[in-house]
Amino acid sequence: MQAFDIEVNLGKSRVLNGVNFTAKPGEVTAIVGPNGSGKTTLLRAMTGEIPYSGRVLLNNTNVASLKPWQLAAIRGVQPQSTTIAFPFTVLEIVRLGLTAGLSAAEKELPLRALEKVGLTGFGTRMYQDLSGGEQQRVQLARVLTQIWRPVVDGTPRWLILDEPVASLDIGHQFTVMDLTRDFSARGGGVVAVMHDLNLTAMFADKVVLMDAGHIAAQGSPQAVLTDANLAQTYGCPLPVSTTPHDGTPFLLPQARHARVT
Amino acid sequence: MSLTIEMPKRGSLPVDRRVQARQLTLVLVALLAATSVLSLAWGASGTSLWGALVDLVAGRELSRLDSIVLFDIRLPRLCLGILVGASLAVSGAVMQGLFRNPLADPGIVGVSAGAGLAAISAIVLGAFLPPAIRDLTGNYLVPVSAFFGGWGSTLILYRVSTRRGQTSVATMLLAGIALGALAGALSGILVYMADDNQLRDLTFWGMGSLAGATWTKVLAATPIVLAALAVAPFIARGLNGLALGEAAAGHIGISVQRVKNISILSVAAATGAAVAVAGGIGFIGIVVPHLLRLATGPDHHSLLPNAALLGASLLLAADMIARTVIAPAELPIGIVTAVLGAPVFLWILLKRHGAMGL
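Keeping their order, the protein sequence lines are chains G and W.
Residues 1 to 261, numbered by the working numbering, are exactly what the first sequence covers, in order.
Residues 1 to 358, numbered by the working numbering, are exactly what the second sequence covers, in order.
In case anyone wonders, no lab produced these hints; they're calculated from the structure.
Values in this document were obtained by computation on a predicted structure and should not be read as measured data.
Each hint should be verified, as a subset may be incorrect.
Pairwise CB distance ranges (calculated) [as the list claims (entries may be wrong)]:
1. G59(W) to T83(G): 53 to 63 Å
2. T99(G) to A342(W): 36 to 46 Å
3. A30(W) to R125(G): 31 to 41 Å
4. T22(G) to S255(W): 25 to 35 Å
5. L129(W) to M126(G): 45 to 55 Å
6. P343(W) to A166(G): 40 to 50 Å
7. T99(G) to N261(W): 46 to 56 Å
8. P343(W) to R125(G): 28 to 38 Å
9. D246(G) to I348(W): 48 to 58 Å
10. I177(W) to A258(G): 52 to 62 Å
Note that the Cβ used here is the ideal one computed from N, Cα and C, for glycine as well.
Make the full structure from the sequences, and use the hints.
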């Protein structure tokens, strides 16, 4: 998945300024950065949700030349949050990820997807009665149903996630991040906007650090998540350490003022 | 969370509302058949036509009076009731799916008023049209005008209330009030201009009525209504997807713009045709889809056909009340549907209090 010279204007202000972005199949690519740096805007431009100038390629095809159903066959997008207009059950929502003309085995996919996100038995519950984190996992199950196999006929499929773990507890954060690793390990591509830098360091193959509408740094977690990069983009000291066994960076932020005891 | 995950077995799948919805379809077909027979047999004329119906089934000759009442009065009225009831209910369901809101209804948001204005314009101003156009449109002038009126108001409404793919309910309802008021005012001017004959044609627009049912009206409305209903299966998945929002609907492969266009056209056609032949009949479009969603859920694959069936039955039932409750006089059917429907509307508001930004 490639994007060239992406520019986005919201009102009179330029939110993205000539961004060039590349993500490879078989990898988890994380987009990180402070609030308002343009992470979600970049994602929404690349998925065609907002008008942009520039070019976006998916498997070397310009996405602008593809019909919605052609795109849906190779790309699933999980939005940040979704409110549903009518009282659908969980299973009915997940089934929206199915396309017409499926085999009997494929019709079981919604239940298997719910199992994968840890929502076995939730099928008949009303979507709007679930907690925010559960709703988010239902949406992920819907997207997984849509692009169940990471590679079809040699063509990789893409899982695009906007803050997939934002309202999840730590256990389910791992469930979801493990799913992304599994999807990429089997040949699919994953692009995710992330806030949690530690999870990003643990699960991402490539990190794209955004700052004020452009890419400040990109590369492996070790290369991007450095004291200097983070201090500059986030505007506060964020000392980075590495885990002893494999050198994965991690942050243990310190309060600037000690607690009065 | 337990780590042992059991695969649900095929036989133990949870109750599937799709199956319930299909069963409900059969029940609704039977209900429509029953209300149809009742509505043929039961009327204000004082003559119960049970005997005539039995004679007809047995193949015996009918009396002249029975024959006229049955074939020239009650049968066209029955057909018109079915067409109008189905149109209103399906228009309501489609519009609610399009606007992502259970309160959208052609009657409430000014679409019926726009269609009515166009129909009244056709009646009052039709005489000024060049004869060539009048000959071309013939009986269809009024329904076709109503279609364009409904189409125009739906388009305006959607443009005004939708920003970046999200429809604001408050804006939609307020815009509907403005549209309805404007259409009402312009209709008022036309009524002032109308001559006595035209006034007689116009009076029934106030609350709507099936009293003017003729075979001509049935024939004029049938193709438009059937065309509007025929597209329902093709937009069902799209409307389901739109419940996720426009962006997410696009991501699951739905051509959102196409679904919107087809929905708006079919709402305009069905509402326009219904308004042209029966005037503004409110609340069928709200009550019917709401009851069906309570019963079998919001899946449009079953909601749309079931709405057509229940809408037809409900309108026939309302019509039976309208023409018998103060017999030999007749109540406008819109009064009956409003008395039944307005409380349901309030009930929805009460139940959804705080949800959906209302």
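Cβ-Cβ distance between P343(W) and R125(G): within 28 to 38 Å? 30 Å, holds
Assessment of proposed distance window 31 to 41 Å (beta carbons of A30(W), R125(G)): 32 Å, holds
Lying within 48 to 58 Å: is that true of the beta-carbon distance D246(G) to I348(W)? Given a distance of about 57 Å, which is inside 48 to 58 Å, the answer is holds.
C-beta pair P343(W), A166(G): status relative to the range 40 to 50 Å that was hinted: 41 Å, holds
Taking 46 to 56 Å as the hint, is the beta-carbon distance of T99(G) and N261(W) inside that range? Violated - the Cβ-Cβ distance for T99(G) and N261(W), about 22 Å, lies outside 46 to 56 Å.
In this structure, is the beta-carbon distance linking G59(W) and T83(G) contained in 53 to 63 Å? At roughly 60 Å between Cβ atoms, T83(G) and G59(W) fall inside 53 to 63 Å, so the hint holds.
For T22(G) and S255(W), compare the CB-CB distance with the range 25 to 35 Å and indicate the outcome. Given a distance of about 29 Å, which is inside 25 to 35 Å, the answer is holds.
Beta-carbon spacing of L129(W) to M126(G) - inside the hinted bounds 45 to 55 Å or not: With a Cβ separation near 54 Å, L129(W) and M126(G) satisfy 45 to 55 Å, so the hint holds.
Distance restraint evaluation - T99(G), A342(W), Cβ atoms, bounds 36 to 46 Å: 41 Å, holds
C-beta pair I177(W), A258(G): status relative to the range 52 to 62 Å that was hinted: Between I177(W) and A258(G), where Cβ atoms are some 60 Å apart, the hint holds.
Violation of the numbered hints given earlier is confined to hint 7; every other hint is satisfied by the structure.
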